[in-house]
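Read off the chains here:
Number of protein chains: 4
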Amino acid sequence: MAERKQPLRVAMIGYKFMGKAHSHAYRDLPFYFDTEFEPVLQVLGGRHREAVEDAARKWGWREVETDWRRIMERKDIDIIDIVSPNNTHSDIVMAAAQCGKHIICEKPLAMDVPQAERMLQAVQHAGVKHMICFNYRFVPAVAFVKRLIEQGILGQLYHLRATFLQDWIMDPEFPLVWRLRREVCGSGALGDLMAHSIDLARYLIGEISEVSGMLETFIKKRPSGEMADGLRAQADGAGLGEVDVDDAAIMMARFDNGCLGVFEASRFAKGNRCGNRLEINGSKGSIRWDMEKMNELQLYLEDDPLGIQGFRTIHCTEEIHPYSGRYWPAGHSIGYEHTFINMVNAFVEAYSRNECPTPNFLDGFRCQQVLSAVETSSTEKRWAPVG
Amino acid sequence: MAERKQPLRVAMIGYKFMGKAHSHAYRDLPFYFDTEFEPVLQVLGGRHREAVEDAARKWGWREVETDWRRIMERKDIDIIDIVSPNNTHSDIVMAAAQCGKHIICEKPLAMDVPQAERMLQAVQHAGVKHMICFNYRFVPAVAFVKRLIEQGILGQLYHLRATFLQDWIMDPEFPLVWRLRREVCGSGALGDLMAHSIDLARYLIGEISEVSGMLETFIKKRPSGEMADGLRAQADGAGLGEVDVDDAAIMMARFDNGCLGVFEASRFAKGNRCGNRLEINGSKGSIRWDMEKMNELQLYLEDDPLGIQGFRTIHCTEEIHPYSGRYWPAGHSIGYEHTFINMVNAFVEAYSRNECPTPNFLDGFRCQQVLSAVETSSTEKRWAPVG
Amino acid sequence: MAERKQPLRVAMIGYKFMGKAHSHAYRDLPFYFDTEFEPVLQVLGGRHREAVEDAARKWGWREVETDWRRIMERKDIDIIDIVSPNNTHSDIVMAAAQCGKHIICEKPLAMDVPQAERMLQAVQHAGVKHMICFNYRFVPAVAFVKRLIEQGILGQLYHLRATFLQDWIMDPEFPLVWRLRREVCGSGALGDLMAHSIDLARYLIGEISEVSGMLETFIKKRPSGEMADGLRAQADGAGLGEVDVDDAAIMMARFDNGCLGVFEASRFAKGNRCGNRLEINGSKGSIRWDMEKMNELQLYLEDDPLGIQGFRTIHCTEEIHPYSGRYWPAGHSIGYEHTFINMVNAFVEAYSRNECPTPNFLDGFRCQQVLSAVETSSTEKRWAPVG
Amino acid sequence: MAERKQPLRVAMIGYKFMGKAHSHAYRDLPFYFDTEFEPVLQVLGGRHREAVEDAARKWGWREVETDWRRIMERKDIDIIDIVSPNNTHSDIVMAAAQCGKHIICEKPLAMDVPQAERMLQAVQHAGVKHMICFNYRFVPAVAFVKRLIEQGILGQLYHLRATFLQDWIMDPEFPLVWRLRREVCGSGALGDLMAHSIDLARYLIGEISEVSGMLETFIKKRPSGEMADGLRAQADGAGLGEVDVDDAAIMMARFDNGCLGVFEASRFAKGNRCGNRLEINGSKGSIRWDMEKMNELQLYLEDDPLGIQGFRTIHCTEEIHPYSGRYWPAGHSIGYEHTFINMVNAFVEAYSRNECPTPNFLDGFRCQQVLSAVETSSTEKRWAPVG
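Going line by line, the protein sequences match chains A, B, C and D.
All residue numbers for the first sequence refer to this note's numbering, where the first residue is 2 and numbers rise by one.
All residue numbers for the second sequence refer to this note's numbering, where the first residue is 2 and numbers rise by one.
All residue numbers for the third sequence refer to this note's numbering, where the first residue is 2 and numbers rise by one.
All residue numbers for the fourth sequence refer to this note's numbering, where the first residue is 2 and numbers rise by one.
If we strip away everything but chain A, and leave its shape as in the complex, we get:
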């Protein structure tokens, strides 16, 4: 009885946290969404055979491959999904584009703006579909805010307040993992966390024209051990290596439309596990949203009668809310993983229509421009234009 749909054969490079999220999304997609194509978990790529085989077994991948370059030549692969560390994105994208593969790539897109630009040009030139994994666009509450803004319900936008706060590296004994080394990840909280906030800002408000940024590394040396892919940072006599990315990044921004933004990303905000939060103030209304309460949206409307004005807490699980009709009745929460299901659905739906999905490498590139402007601004201690 189980429906036979057209297969969309995926090869995924990488198999850590994002590998799990993507794998699940591919598997769960057809249960909830009635798509023409159905992802097939064909090949899982990763350097260490044992680890990648273990992941493949748990998540249901058919094959494994330890050299991602061999995957490119295969005719039976439609999509390359890149969930490996940031410094590997560019090479894989360039090769995949050359081989005519469609590409799904984790954020941040690249190590710097020139690299991002080359990657964007490569996929555009190759004519393949491409997507960048800013998954938080696919939270129903966030997509609903987009709808409210497009309908003018918030009016002219004056303020955005965006944070992405975590606390997982606050212990000085926490080791020098690859996310703390520039050569692997490009930046710290900036590219890992603020990249998400910047994308949400671009999605909801529009383009950023100029920024004033501040970067800080609170703990400058950490115990140095082996990092992913055999890298090892130089250690001093005490076994400490240098943290050369930011622990925290702060940005003031002006948008093209006159809105003002304040952004803050930190891995030193004790008590915040996934403090991805938004507040937007417009001339006619305001919203507040917090990923730790992802199903809830706070909405204030100027047009409410006097005396009963206030932020209402909307459980964005009604049939009318984006994506929610696919899941459970009103009041029944969905979770983090559903952002990836919705995202993969966006890819598959665009693919069915022979269109490029959103967000894509252009969004990845624009985000990279903002990240770069923050770094410039932080170094030069002045405002910096974007792009």
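If you're looking for bench data, these hints aren't it; they were derived computationally from the structure.
Check before you lean on any hint, since a few could be wrong.
Copies of the same chain are indistinguishable here, so a pair counts whether it falls within one copy or spans any two.
To be verified - Computed list of lysine to aspartate or glutamate pairs in EDC-like fashion (alpha-carbon distance at most 20 Å, straight line):
1) LYS147 - ASP237
2) LYS17 - ASP68
3) LYS382 - GLU211
4) LYS285 - ASP305
Predicted, not measured: the structure shown is a model, and the values here were computed from it.
Chains B, C and D: place on chain A using the hints.
Positioned in the frame of chain A, the structure of chains B, C and D alone reads:
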């Protein structure tokens, strides 16, 4: 690469809301849990061929069957999962037990206590595994409360406050669906909603010894049309049929251990979509929990130093919380469907150990005794003993 | 420049917690409200001269008196304010009424229904103004709910959920104070806390027709020492005396208008300091309120458009909210003491119009009838009619 | 019986919002605090006789005076309290200091840094007591945070997030009041709102070393009418005058101790009436506070056991919390006005000890330096040092 596990072949009777939840849980279980057995979605049973085929296609069932009795004789079915209306539970259970099938049954178990008792005896006599689907036990926050209570962290328990509030039938034009007819469902908010609260109370606090109950039907006649399975309630000249179950049920209870309970279930609580809430007060601490914020637990501890006492909001998504280590990093929410994944896992794990899972038909029977005592008490306007 | 208003000379009997609240209200009234009359803190009455003099000095009373009977005869006293223990209310009221004094009396009005009835008759016969101090009616958010209900904004009322939860006597070593002895206070949590909830229910919903009640004393013996006014409970060999009032009281209720109520008052609800909370569900909307967040009202409205329905948090400090225009700009909180200022204002305004204020002894009497019905119901383990 | 204390005779210049708050605090102080001195509301000063007489009558001032200079010479005045517009502060302070009056002055202290410096030197030279009215230091929850930080409970401080958001001038038809004209108020949201946040930051964290600021005026012209004190801004043909202060001010800051701060003040944040909020993240814990829920403090502690970590909501009304013992039992809220009572108490207590209270003109001056650095930074679009 995808692991080959031992199959556990399921036939499910019914295919509405719970059918979707169970189907998904069977499919998603092996992704998150490393079980010895893996559910196979073998047969989906339901009267209306077209509808059941459609459901089977969407959810991945291999076959369909319109006469559930034919399923019983099949050798290739290990588990019968019953998600059909309440008035069908008994017949299916009796037949399945006779055929030596393991049984998973939605709540409430039966239409009344004698029926529940026969069903319990049947599965015990047959020696099959049986489970009753009180899925809210499997919310990480709820299971964590169980752990806190067992460790004595809340001390002696004095008070339970439990509500299950909805608002989906408040419009007088809402039709006379099967959930509003006693012959099909046995009771209204009582069996549909308060049954969940009663089970959580038994799970967390212990057995209830006596109750004082109150039942009310606010809207006594509704537009009568065709109900599930071709039933049609008698309609008066205006096309209205009688609602013969409760819209709201309220109960005061005494537990064996001296704790006092207040329970309220209603479908007339505007603004509450899934208002399944618990508050427990003990001599050393208190908790508050709300299914609409299912990942959060409010915990108050007497032993906190003076001045910093207060309810703390715990996001029950840490590695240390029940089930949570299977899913995502701390701070990343899970949703309603995960309660079913955890529940199915409990069945499969018990099955692997050749044990009967919890909660099972004994819990279903005990719950039925409380439901029955509420009805007796409500009719006679006095306290009624349980059992 | 300070305005000279007509004096309203008050004598207050009692000087503990409520004495402080009332004293402050009299003093602060003219600052916020433009009343024709201004309270004068003329005499403070209490048995123990030193203590009452100390209180008078702190709170600004002109004189003290140790025998309240002497106050009655004085011509220069307009109002007798009774804040002494419950068992003293009746004698003082009877004497004051006979002497033609206007009376403000703390709740609960009396020790039982017959006493309450005599007190009501006495003030009615004497033609004096009388008020009972159900101060929570005067919380702006609560008075605003009253307005919403009167305007039909919540529609037909189906459910009330009311709690008043505290935790101050949970330690078994906490001594046998007068509030734990029936001879002094009449009842425990029932008259002290649930009386407030009952009054709010009558104010907002209407009269209660019948109840099913449950009373419990969790800790039945406590260290016995000297109580207020030299009383001493009998102590056993271990120095323990009997607690003969309820620690917790629970009530299910039916209102004349068909609404169902659930009430719970307890001094054993760890973590709740002043858990005076209300939830009301009507056919068109719902409210939630919590005294610990007294300025906030949660309001859900059925008529909100689909997708943006949710409980809105209203900070009831806008000009349009009851009383709030007297205090500070929108968003600036008021506190507990303002309920008493508003209450005293209600008395003084009614006095100016030569009317009896609300709530008055009739409300005190009706509340007493409900309290009595709870006790009857609890003893006889059946529903009991009110009145 | 009412206690006779030593009088402290106050003359207050100005009688609008702050005049009401201060007047009430002077009157209410002796009820709650057992001070050696008791404020006497001797003279209320203001230009318009009728208006000032009306205010004096409502608030209980003994006399009025339309020329503040005449007050300075009076021997029977101990304290000059300045609540008039910002552009009048300097002249009054200089005169009062010269006459040896003690001074309480509303914030911001001055129109610019040189003026603030002269005022500071004047009071220091005159040897009078001086206080600047940063009243939010006197919220119990805020003072409790100060205590937690001093005890090291939050550890090393990494982040401060401070907002002060309002929405009262968002309507373009809202007129050009004096708070929108630089000649009267010096700046907009910056000096009116962010000044408070800066003071709280200095109080809790320490001195700010450098800032990057952004100022914006969203609505640049407004209907121009008569402003306070007969001022009238030039209007164009359409009757519109120029808004020459900021509607919104944003600041990134570095503190001397390495903490990073983000500040945002706006009058264009729809739905925020008094959005004075703080978040602080330290190495061992974090706090969150919001003036609209002023009695509540959110506290996260790293040392809580795994699994029960979370922000606890502390109702800062316990005996142990700053100031709270003076008011009501635990759980009973206080309001906005109590910040002023506590502040006046701080003045009177310092006065009794012949000490200068805190915060004083040095704090006003330091705050002015930060405000000035924000303006410089905003103009020059680069980071600016403070002082």
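A quick look at each hint next to the structure:
1. Taking the shortest Cα distances, LYS147 and ASP237 never come within 20 Å of each other, neither inside one copy (49 Å) nor across copies (39 Å).
2. For a Cα distance limit of 20 Å, the shortest separation of LYS17 from ASP68 inside one copy, 17 Å, qualifies, whereas the shortest one across copies, 46 Å, does not.
3. Proximity of LYS382 to GLU211 under the C-alpha cut-off of 20 Å is found in both arrangements, the shortest distances being 13 Å within a copy and 11 Å between copies.
4. Proximity of LYS285 to ASP305 under the C-alpha cut-off of 20 Å is found in both arrangements, the shortest distances being 10 Å within a copy and 16 Å between copies.
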